[in-house]
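Work out the full structure, taking the sequences as your base and the hints as a guide.
Taken in order, these protein sequences are the chains called A and B. Converting from the first sequence to this note's numbering requires adding 1 to each position, the first position being numbered 1. Converting from the second sequence to this note's numbering requires adding 1 to each position, the first position being numbered 1.
You may find that some hints are simply not true.
Here are the simulated EDC-like pairs of lysine to aspartate or glutamate, each with C-alpha atoms no more than 20 Å apart in a straight line [said to hold, decoys possible]: (1) B/Lys-136 / B/Glu-118; (2) B/Lys-136 / A/Asp-72; (3) B/Lys-238 / B/Asp-190; (4) A/Lys-238 / B/Asp-401; (5) A/Lys-183 / B/Glu-10; (6) A/Lys-34 / A/Asp-72; (7) A/Lys-183 / B/Glu-144; (8) B/Lys-136 / A/Asp-173; (9) A/Lys-214 / A/Glu-153.
Calculated directly from the structure, the hints in this document are not laboratory data.
There are 2 protein chains.
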Amino acid sequence: MKVVESVHEADLAAVMLDLSEREAWLVFDALKKERRAGVLAQAEDALREDLLEQLTPRQLARIVQVMAPDDVVDLLALVEPEYADRVLHSVDFELAADLRELASHGPETAGGLMTTEFVAVPQGTRIGDSIKLLKQEADENSEGVGLFVVDEEQRPIGYVTDRSLLTNSIHDVVDDVMTEAKTVAVTQDQEEVANELTHYSLQEIAVVDDAGKLVGVVSFDDAQDVLEEEASEDIFKIIGTSAKLQTRLPIHSRVLARLPLQGVTVLGGLTTAYIIEQVMRKSTGGEISTGADILRFVPIVIGLAGNVGSQASTILVRGFATGEVEPDREVSVLRSEVLVGLCIGLICGLVTFLVIGAIDKGQAPFHFSLAIGIAILAAVTWAAVLGCVVPMSCRRIGIDPAVVAGPFLVAVSDVSGTGLYLAVASLMLGH
Amino acid sequence: MKVVESVHEADLAAVMLDLSEREAWLVFDALKKERRAGVLAQAEDALREDLLEQLTPRQLARIVQVMAPDDVVDLLALVEPEYADRVLHSVDFELAADLRELASHGPETAGGLMTTEFVAVPQGTRIGDSIKLLKQEADENSEGVGLFVVDEEQRPIGYVTDRSLLTNSIHDVVDDVMTEAKTVAVTQDQEEVANELTHYSLQEIAVVDDAGKLVGVVSFDDAQDVLEEEASEDIFKIIGTSAKLQTRLPIHSRVLARLPLQGVTVLGGLTTAYIIEQVMRKSTGGEISTGADILRFVPIVIGLAGNVGSQASTILVRGFATGEVEPDREVSVLRSEVLVGLCIGLICGLVTFLVIGAIDKGQAPFHFSLAIGIAILAAVTWAAVLGCVVPMSCRRIGIDPAVVAGPFLVAVSDVSGTGLYLAVASLMLGH
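Written out as structure tokens, the structure reads:
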């Protein structure tokens, strides 16, 4: 366990994520209270949940006592309310009150992001006295980088960095060295708070209640987490999937997260097929050949292959950027992503088979709709393979995978997916 | 000018970006040297370029003298080499040497990101002496939040936060209160550096040369800029466009940035049309009706409409998230994005018209290829309108635009684009 003791908690949390639940617990169990707190604060939710399952409320309470209150609130949001209550009853009264207060704010607001551990001094305080106060609070607030100056109503009016305290005379008053305090409302959206912090390059921002009173502080590292999270969320929403850490989720969650987009695509494709049928009947006087009938479903194939390919490749590109997909995880990610593609292909092929068989007015004998369904399955699975292999190969040979993941991949999967679909369908229908 | 004086430089830079070149210069010209430095440091490149055009090398040198060296290097990268040389000749010798050293590193590396203004003390230094040193360097290094401890070879071995200096006895040595120093190589990619900083929640990270010597420091706010930049870059590359701040670029740059993707799509679509033609000829015995012939180009329409729609909507979603597209800019963004769509539609329609007319083996009389070209133009422009109006409406009625921008938008633009294309083509060909 000597090795484990010298590893940074952020690294430990990252490594434990790749261990089995039992192995992760064995490592965690061997750690001291402070190290456990560090790991829990840095871990992804999946690991946190595994570890929390093994801890009794009393054990967790002891760890929580040495954690930042905002991290504790995030942690308690993952457990049953009764369990959280029992933890709150086991920590000291003041902390419990802080935690209840913090937990009352929405998790995606400034209130959910802030910590209540900050140092504030009244106007006119001498720098020497401010430093004395910091020394008294050193145990509780060791990670701050400055302090706030407040008026009689506890409203923040200024901010003094630790560096200013160090480089100015202890006889000066804080008013002379403070900069204007930037504030956000406790109900403000966390993305706006993070943008405010980065816009002004601030280290800390004051959170105020309705009356303008200082109630908490959001620091730059919280903002970084939010920005990374929101950027990933936006990317994943745009390609039609949700949740972060896609490559670490179980297969069924990944399939479920990506299905809504495929539903919309299949619906859109079937509508297009209907429109095309009308145009064809008009132009040929009512008759449609099998060959032309197969063509009506090309838009579904193009849509699905494009979706599945770009979802897989985008998840990889983002995973490369955030360090989620390290080179040693490539094989397992490839295998699981292809499995996800296969499942989506199966479901969409089945749905198309059933819908064509049931309501479509084309040729629609049983083996026609079956052929279309199987051809869709083949094209979609193929797109999933392309969506993984292309960005992985790009990274290996030193081409930026993000450039290739978009345009190139969609075009290649469109053309090859359509070709594969036509080949399978024609073959099965004897053309 | 009283109002201007009280505004934060980051806000000033943001406002000036929306002014005309002349207006922006009038505001800038009225500022003091230190404020000019702040605005230049915070401004986007477009504004920087406008302002630099008006400044003589001597004027710029005076401003540069009070800026952080890493910001100066970014600035000088925007001007002609001769101009930069004249600036370097006008600043003091030490700064010029630092700037030349910094400029020698790749702009996307740790070396290009770091500042050379940091404070380092040897092992065994007392805290009191460290504070004295900070006071001496206060003018040059007012934004630091800690100092590095180095060994005899100038290799970083520890980091001491300002807070630790404040809360520990001045008689202690730094060795007792320092934490392990994290380091990155001067040649390391800036995205890796930023990930390192956020992974360990660091405020500053040491940059070392080949010999392991401390040569610079990258701080958290540099990391934030990099992460936001890289996330935007990845998103824009995935949707097939480049450059940041899409909505602020001139129309022709935006069209040019998005054209490569359309080229790939048109090429893929024409290939698909060729494959379909083969299957059709086989199934009908050589003959193709006009109605069926129009259908062969549906994949091009679906591909282009999907691209243009999702590019416009993704740029808006990202613009909403980073604050680039404020509500008061919506109308001008809508107008310019539709114009971009129109241009892309024109170019792609024209190319398809020419290619079909020249080499396609379908019916291909002049008015057939013209009809296809015009139908593509109509469908693509329509997709651009949808790609702007849908996310803007979503934001207004409180639905998350990112969710709708992806799946929903692509499906709607596929179906309505295909319908529009078929309608226009059929109408022009008299069906």
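Evaluation of the provided hints:
Of the pairs offered as hints, the one joining B/Lys-136 and B/Glu-118 holds, with about 14 Å between alpha carbons and a cut-off of 20 Å not exceeded. Among the hinted pairs, B/Lys-136 with A/Asp-72 is inconsistent with the structure: their alpha-carbon atoms are about 35 Å apart, more than 20 Å. For the given pair, B/Lys-238 sits about 18 Å from B/Asp-190 by alpha-carbon distance, which is consistent with the 20 Å threshold. A hinted pair counts as satisfied when its Cα atoms are at most 20 Å apart, and A/Lys-238 with B/Asp-401 qualifies at roughly 10 Å.
A threshold of 20 Å between alpha carbons decides the hint, and for A/Lys-183 with B/Glu-10 the separation of about 14 Å falls inside it, so the pair holds. Our distance criterion of 20 Å between C-alpha atoms is met by A/Lys-34 and A/Asp-72, whose separation comes to about 15 Å. Simply put, A/Lys-183 and B/Glu-144 have alpha-carbon atoms about 17 Å apart, close enough for the 20 Å limit, and the pair holds. The suggested pairing of B/Lys-136 with A/Asp-173 holds, with an alpha-carbon distance near 15 Å, which does not exceed 20 Å.
For the hint linking A/Lys-214 to A/Glu-153, the alpha-carbon distance of about 10 Å falls within 20 Å, and the restraint holds.
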